[in-house]
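K.L.:
Chains as they are written, first to last, in the numbering used here: chain A, 892 to 1197; chain B, 611 to 1154; chain C, 421 to 743.
There's no promise every hint is true.
Per the computed footprint, the stretches of chain B lying under chain C, defined by three or more beta-carbons under 8 Å from a beta-carbon of chain C, are [claimed, not checked]:
#, segment
1, 653–663
2, 1014–1028
3, 1087–1099
Derived by calculation from the structure, the hints in this document are not laboratory data. Just so it is clear, CB atoms sit at the ideal spot from N, CA and C, and this is done for glycine as well.
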Amino acid sequence: MAQTEIAPLESNTLPRQKTIWDAALRMIRRQPLGSAGLLVIVIMIFGAVFADYVVPYDPEIENFEYMLMPPGTIDETTGATFILGTDSFGRDMFSRLVHGARTALLVGFTASFIGAFVGLVLGVGSAYFGGYVDLIFQRVMDVFMAFPLVIMALAIVAIFGTGTEKVIIAITIPFIPRCARVVRSSALALRELPYIDAARSIGYSHTRIVMRHMVPNVMAPFLIMLTAFVGQAILLEASLSYLGLGVQEPTAAWGLMLQGGAEEFAESAPWVPIWPGVAITLAVFGFNLFGDAVRDVLDPKLRAQN
Amino acid sequence: MRGVASKLVATVAGAGFALGAVAAMAETPQAGGELNIVVGSKIPSYDAHIESTFGMIHPIRPFYSTLIRVNPDNPSSPTDFVCDVCEGDVPEGTDNGTTYTFKIRSGITFHDGKPLTAADVKATFDKIVFPPEGIASNRKAYFKMVESIEAPDDTTLVFKLKHPSGTFIPSVAMPFNFIYSKADLDAHGHTWHQTNINGSGPFRFVEHVQGSHVKGERNDNYYHEGKPYLDGYTALSAPKMSIRLQAIRGGRADIEFRGFPPKARDDLVAALGDKITVQESDWNCVLLVTPNHKTKPFDDPRVRRAMSLAVDRHGGSKYLSNIAIVKTVGGIVFPNHPLATPIDELKANIAGYSDDVAGSIEQAKALLAEAGQSDLKFTLLNRGVDQPYKVVGTWLIGQWRKAGMQVDQDVRPTTPFYASLRKQKDFDVSIDFNCQSIVNPIADVSKFLPTAGNNYASFEDAELEKIYDNLLRTANVDEQKILIRQYEKRVLNDLTSQMITLWWYKINPHRSYVKGWKIAPSHYLNQSLDNVWIDKEEKKRHGL
Amino acid sequence: MYSYIVKRVLMLFPTLLGAAIVVFLLLRLIPGDVCMLKFGGEGGYVDPEQIKMCQERLGISDSKIEQFVDYMIGFATLDLGVSMWTGQPVTEEIWIRFPLSLQIAIMATLTSVIIAIPLGVISAAKQNSMTDYLVRAFSIAGIAMPSFWLGILIILGLLIGTQAWSGVPWMPPVHYKSIFDDPAHNLSQLIWPALATGYRYSAVATRMTRSAMLEVLREDYVRTARAKGLIEQVIINKHALKNALLPVVTIIGIEFAFLMGGLVVTEQVFNLNGIGKLFVESVTQADYTLTQALVMLVVFIFVLVNFVVDLMYAWLDPRIRYS
């Protein structure tokens, strides 16, 4: 995982149960940073969902007449306006940025949700069944946890080709063991609780016990991992695209917009690399602020200090 | 290659041109100084007989000599070859063009001190042309016409050919034919040179730190009088183009030998003004679009022609050429070569070359509709290299879009890209390329023959084979022109079996104190560095 | 305790074996091989015979089982073989890159400590103040900024800045020299990536310092110290920080180990010839032997560090059950 330059996640202990609304209200009151993060996320989601209505141009239309125009360019004759300038294919930077948000969120949310959810199921299941199942499962998770992410991504791209779905797969795989591990340690404690024992002795099915009694009780670490993943996924997508292993032209994606010509022509056209970099930073910043806040609210150890 | 007259080769005029370096010619070379080169590719091994990348030519070539080479003072000419370890002029064929006798210079020594004789050159070409069982040789196929190689004495080398061939001398001049010492081959075997260096070139090997740099120092015993001028050089590995560019900008490197896009050249000139000299040339490389004729709907010539029609090459030449290392509109033959079709003829006869862009797009749409493919969607396989592959790929997608085609790009690292294109052939449409060192059109256009080993379009066409066969049999340049036009029209228009995009355009901006190096139409050529020198006064002006 | 250690050591092996199998299979699933790449060159005709010969020489055409057995025997006997791309011994290829990656890891870790500890302490001492928020925002920004973007800005800034200032543009050296041979060259090359990476890695350590400090500040002895009327400064420096350091040191140790595995993206941006760049190159060149060795190296560092961390926690916290 070191290769991804994503810092290792801290593990979390089992928190007390709380209703969602309670947590939300608490957060807005106590977490100004988290709320700022949330604001960034909301703006981003709005842009991504309504991208087609927000942007002035099709982000993939090449228009060489307007190659590398600086921000604020207005063509007097046609009235074409490029508030953030254009890239080396004459495509509108603003339109590509907004559509890039769509790619970033698609990858970020899909990879995090699938990764965290599969991790949740595997982690709880492993803890519930225990014994050899747990032992073997733990070793498999260790392998995927230790396996260098970029190598995994490179291999996936080399085998299946590039594209948004493949990037999602490449990012999801390493998320699974990370979530599973945290969830499992919370679930291990649950397994010994009397009511689980009771449920088992009544003869409830494994699925029912796991889904109805154990999963709800590990929602806190799950949610903490989930929010932490989104920012990481966006950053990973950008890194992979920058390395040429992620989303491909002509799709609008922030990491891709930083690569190739953006870098080569950065001196005379600095706006081309600057905007996508700012967008990535802001987005990940927003998700991380929000994620920290979620952690503070859900993690009783930290909350007690406030 | 029967019938390709050497006369043809002799009549071919220079195709490249150089800017900026003209004034340098009158100056007297100065000895001394170190040259820093940035190289964008890696060194797989030191044995040029088995390698084919400029990544090893740029750093390693200066350690070795070749039998003949392109004239370092006139490298833009595809026909001006001069002796390197041989003496006098490059020999003409005798015995009806089937015997070539080279006189080898005496007094040449390898870097280990042993003398270089005709026996060493023979051993070298034996390794290239008739490699022993189990030994690889990448360019064996270029020497199919060679029957035997003999060295009757220390200064005579005789090639006997099975039949006369116009491609023999250009093949001998290829920069990959490093001369090895027979003693080394005998003592260490034929794979020793992959990891060891003992040449007779202008520079001696000092060190190679894998992934970092190669260092060479002046060979004081070099046989070309007074050369080399440099005390030494360092070839720095820098896979990213932006780093190579910035290295020249920031004084970490003096020159890069592959090529930069015009925008990068302009940025450098804007930042450093007259401290940058720019040399430019047409480049003997071209990207092709290869549709897979085995998959639907690319078995339909109407679909393929529509794809070619939708590409506005003249617009690309005007705009795309600013950001990519491609520029010149041409057919299947290296532009400006006497055998190349003039642009007006291309415009009139070949789909996709017309000036009437809107008309071409309408035609493309009509053809697609006729083929029932109005909403054609496909995936373009491309190689994970920015310049020019990905840039051209993205441009093509934008062009096709204008005729209603929806195209995705699947960019793969080189290894799986090759596997998909060449072995599995599981692509719809792929980028392919034709990139040669010595300009040799009749050999180069064999790429478009359906039976050629390196044509991946998977189709058959008896007529193309027939035309090419006739082309090989005629020695008459006018006839060759006619045949090559027919061949070209069949490939690009009638069948549209493959499409030409734009020919590459080589731009080498370098620090103006680097003198003596002249651009060639290939990044493989003229890389001995023996005539390169550094103008010390000028370098001081750069603050370096 | 001892049986716990033995058990934990035994568990390392399945992980290593699992990683070996995964990398082995992944590499072979990638279409194409190093021979196709070498002979592919620039589009010329390739004799299939040549490719076959090359594959036989490198053992790529052997059955997968034979190849795997060779690979395992190689590891067992610590003979990693030669790189399929360069023909040089794998250990040598890695050794060339190792000093650079090690030095960056050290410099980046130092940078991150210098940033993290003071910021974390200030942030905890002024909990929920404007200072706290600013510090936290600054440190999170470090994680949020893509390292390659920061790298691009740094290089460009240096070029433009130095030219404006002295008339002669300057950029960091593009090739590595050992700090013992040429310290000025070495430091002027590595300081930039170390700063960029250190800033990035300081974020987690800052957060850890902050929360560890907060925890310690609430402990009884700190309260006692406060009650005794010691000034806040002394309490923080003398009593609290010392006790809060352990988890911080742990997290820094883990980060250091990860940094040694190389920095794929940062090494690309700054043209550093380190383990990370070697990694990408060896995979893209389908260099099976080298990639396999590198993956095992990184996985080994990973499991080793985890092992040490687990042991430390087990040793420090008797509540952890050795099961």
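K.L.:
Give me the numbers of the hints this structure contradicts, sorted from smallest to largest.
P.N.:
3
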